[in-house]
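A.B. asks: Input sequences plus hints: build the corresponding full structure.
Those sequence lines, one after another, are chains A and B.
Quick note on numbering: the first sequence equals residues 1 to 114 in the numbering used here.
Quick note on numbering: the second sequence equals residues 115 to 228 in the numbering used here.
These are computed hints drawn from the structure, not numbers from a lab.
Watch out, some of these pointers could steer you wrong.
Label pairs and their computed distance ranges (CB to CB) [stated by the list, open to error]:
#: 1; chain 1: A; residue 1: 16; chain 2: B; residue 2: 185; range: 47 to 53 Å
#: 2; chain 1: A; residue 1: 83; chain 2: B; residue 2: 195; range: 38 to 44 Å
#: 3; chain 1: A; residue 1: 95; chain 2: B; residue 2: 141; range: 24 to 30 Å
#: 4; chain 1: B; residue 1: 199; chain 2: A; residue 2: 42; range: 42 to 48 Å
#: 5; chain 1: A; residue 1: 42; chain 2: B; residue 2: 166; range: 40 to 46 Å
#: 6; chain 1: A; residue 1: 70; chain 2: B; residue 2: 195; range: 44 to 50 Å
#: 7; chain 1: B; residue 1: 136; chain 2: A; residue 2: 57; range: 33 to 39 Å
#: 8; chain 1: B; residue 1: 192; chain 2: A; residue 2: 95; range: 28 to 34 Å
#: 9; chain 1: A; residue 1: 29; chain 2: B; residue 2: 126; range: 40 to 46 Å
Per the computed footprint, the stretches of chain B lying under chain A, defined by three or more beta-carbons under 8 Å from a beta-carbon of chain A, are [as the list claims (entries may be wrong)]:
#: 10; stretch: 129-138
#: 11; stretch: 159-171
Being a predicted model, the structure only gives us computed values, none of them experimental.
All C-beta atoms in this analysis are idealised placements derived from N, C-alpha and C, irrespective of residue type, glycine included.
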Amino acid sequence: GESVGLHLPTLSVQEGDNSIINCAYSNSASDYFIWYKQESGKGPQFIIDIRSNMDKRQGQRVTVLLNKTVKHLSLQIAATQPGDSAVYFCAENDSGGSNYKLTFGKGTLLTVNP
Amino acid sequence: GAGVSQSPSNKVTEKGKDVELRCDPISGHTALYWYRQSLGQGLEFLIYFQGNSAPDKSGLPSDRFSAERTGGSVSTLTIQRTQQEDSAVYLCASSDRGLKETQYFGPGTRLLVL
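C.D. replies: Structure follows, in structure tokens:
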């Protein structure tokens, strides 16, 4: 999950396993959430988003779960592949505030072992 | 189509020098964002442009930082009298109309201030 420290949380999985990356957010007014993937030397890449009127959304091999009660967001990756190795960021937005500002977590480093 | 491009990809400068970083957003995108990413950290919002509206500069860390967006397209982030703590990756993103549209990121400019 996310950390306030300088060292990224890390998750190491075997190829073919499912991965779960967690994110705790602090603003109870946040109503829009995004997961980004950032490979080494590249900019963040959009993976999937979810709005607060939903608790689950599925994409291709990815599922995002939102638990507003405990302010928790997770990203599930099915059948993890070496190409999934990257840093994953969650981001949140409070549309009642400045509706264009995303607040990013510090990221989780996912390493997929062949 | 072409994504967000940034130049230079890497910049090494001496403390006290000025630097200019360039962002070419996706054609037709009216919203443009600048972020800073320090080593092992999440993304820090710097500035936001939306169409012809006045930019939101609330994230700029000091008056040494400024940004322009000419003709509603290309943007330049300028850092004057650079300091070592300015060393980071500077990321640009664009979106169509605003936050509720996905932000697409460029590859970033890696700035090192010696």
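A.B. asks: Please go over all the hints and tell whether each is borne out by the structure.
C.D. replies: Hints and how they fare:
1. 16/A to 185/B: 47 to 53 Å: holds (49 Å)
2. 83/A to 195/B: 38 to 44 Å: At 42 Å between Cβs, range holds.
3. 95/A to 141/B: 24 to 30 Å: holds (27 Å)
4. 199/B to 42/A: 42 to 48 Å: violated (24 Å)
5. 42/A to 166/B: 40 to 46 Å: About 31 Å separates the Cβ atoms of residue 42/A and residue 166/B, which means 40 to 46 Å is violated.
6. 70/A to 195/B: 44 to 50 Å: Given range 44 to 50 Å: holds, Cβ gap about 45 Å.
7. 136/B to 57/A: 33 to 39 Å: holds (35 Å)
8. 192/B to 95/A: 28 to 34 Å: 31 Å Cβ-Cβ, so the 28 to 34 Å window holds.
9. 29/A to 126/B: 40 to 46 Å: At roughly 41 Å between Cβ atoms, residue 126/B and residue 29/A fall inside 40 to 46 Å, so the hint holds.
10. 129-138: violated (count 0)
11. 159-171: Holds, because 4 residues of the stretch 159-171 of chain B bring their Cβ atoms closer than 8 Å to Cβ atoms of chain A.
Violation of the numbered hints given earlier is confined to hints 4, 5, 10; the remaining hints are satisfied by the structure.
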